[in-house]
Amino acid sequence: MVNGIERPLDVLNNAKGKEVLVQLKNNRQMVGTLLAFDIHINIVLDNAKEIIDSEDRRNVGLTFLRGDTIIFISPASIAKE
Amino acid sequence: MVNGIERPLDVLNNAKGKEVLVQLKNNRQMVGTLLAFDIHINIVLDNAKEIIDSEDRRNVGLTFLRGDTIIFISPASIAKE
Amino acid sequence: MVNGIERPLDVLNNAKGKEVLVQLKNNRQMVGTLLAFDIHINIVLDNAKEIIDSEDRRNVGLTFLRGDTIIFISPASIAKE
Amino acid sequence: MVNGIERPLDVLNNAKGKEVLVQLKNNRQMVGTLLAFDIHINIVLDNAKEIIDSEDRRNVGLTFLRGDTIIFISPASIAKE
Amino acid sequence: MVNGIERPLDVLNNAKGKEVLVQLKNNRQMVGTLLAFDIHINIVLDNAKEIIDSEDRRNVGLTFLRGDTIIFISPASIAKE
Amino acid sequence: MVNGIERPLDVLNNAKGKEVLVQLKNNRQMVGTLLAFDIHINIVLDNAKEIIDSEDRRNVGLTFLRGDTIIFISPASIAKE
Amino acid sequence: MVNGIERPLDVLNNAKGKEVLVQLKNNRQMVGTLLAFDIHINIVLDNAKEIIDSEDRRNVGLTFLRGDTIIFISPASIAKE
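Protein chains in written order, with numbering that gives the first Met the number 0: chain L, 0 to 80; chain A, 0 to 80; chain F, 0 to 80; chain G, 0 to 80; chain Z, 0 to 80; chain S, 0 to 80; chain V, 0 to 80.
Check each hint, because a few of them may be wrong.
[As the list claims (entries may be wrong)] Distance condition first, Cα-Cα at most 16 Å in a straight line; then the derived EDC-like pairs of lysine to aspartate or glutamate: (1) G:24 with F:67; (2) L:15 with L:37; (3) V:24 with S:67; (4) Z:24 with L:67; (5) G:24 with S:67; (6) V:24 with Z:67; (7) F:15 with G:67; (8) F:24 with G:67; (9) L:15 with A:5; (10) V:15 with Z:5.
No lab work stands behind these hints, which were simulated from the structure alone.
As the structure is a computational prediction, the values presented were derived from the model and not from experiment.
Could you build all of it, start to finish, from the sequences and the hints given here?
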């Protein structure tokens, strides 16, 4: 899984088209399919679902997320929760 | 829906003239028609309605929103709430 | 009202000389006549009135506001409250 | 009072040598004579008096204030409080 | 252990491929194998485990962490806890 | 006292070698002799004494203070408290 | 002790190889031997010990600290506590 990761953004590049868990500040999370990102770590998720304090809150579909509210992005963690 | 999204800002470009849900920091949300945005994610909404803790609070009409208070912008999520 | 808005700052340019509602962080608001703004969204209001938790607090007259405390600026919302 | 204000910093330039009210984050205020400012909105007040939660706390005399803690600067508001 | 550390990032370079403890703001911690970092201190951990208030919460596997939420990164501290 | 202050940093330059009161965010203060400063308002105090909620807490001697935690620096205020 | 300090970073340069007290935001402190620093005030401590609310919490050994969480760094204060 680790092969080919030279720089942090390689992980996001490898995760395009896959489900990711995005941990936001203030106990918000989103899960969805990573479609795009930029160097500010602004990202786009498709079929995004917002989770607050471990509860499903709402489906927000296609969503643009600003990078500065993101703590971490984890492509592999969906299956492990 | 996903076609043609190479960079995060493509989602905002595709959403011009459509209703979007904007999640702000501190549990504020706005819904309105996206008229314009820039690279700082400053945006303009028309017919904007402010929602705090899931309650409608007030209509603020045409509104300029500073990018640094925005968590996410979701063009598709109006119908799904 | 929407005509001619290509970039977010066009809204502020159109609002010069008119009353605006300015929502600040921490539940502060100001209403006043927009006299000037810059790219940092620093603005000047004349006849500014400060409102905290929906109560009028004080008239502060001519006022310089730093952009980084601003959430939104709404030129049309005075009449709608 | 409004004449000659093209840019936000014009208000500060006009206020040099006059008393201003400076609203800081966290409910702190200062009043004093504006001596100098720069583009970061760092300012210098002379005969500055610190006010916390509307109470006079202390005279701090000549004071350098960092711009990023400032919400607004109001040259006209001293007389109106 | 100290040999060869001229600049702060040398510590992270030496820690590649090793377990690190990452202290995040808001009492979150992560432990995992450091795979990559950049000058913004964005990092990638493999086999990352999230710890909140000293309790194991979840395995998040391969994870991208944004630099601005990081307080410290400690390569040597795993064994010492 | 006001003579010769054209720019905000002139106040700090004039205060070198003198006692200053430094107000930090979160109700911390320091008093000490100003030895050096830079454009980020990073400063060095000698014989620094930390004060929290108006109580002396500890002598920290020679101290480097990062600019972004500073609210104000007041060279004249020691005698007035 | 004051000799040779022209700029704030001179204090950190003089403190290399010596014990320093690092005050972080949110009532965290660290003590340790300063090995390296950069212009962002990212630092490396060896034999670092974390202290929260004046209590020893844990030894974290060699540690990279991000500059933006640092309030002050005090080379002389270890002996004085």
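Checking against the hints above, which ones are violated?
7
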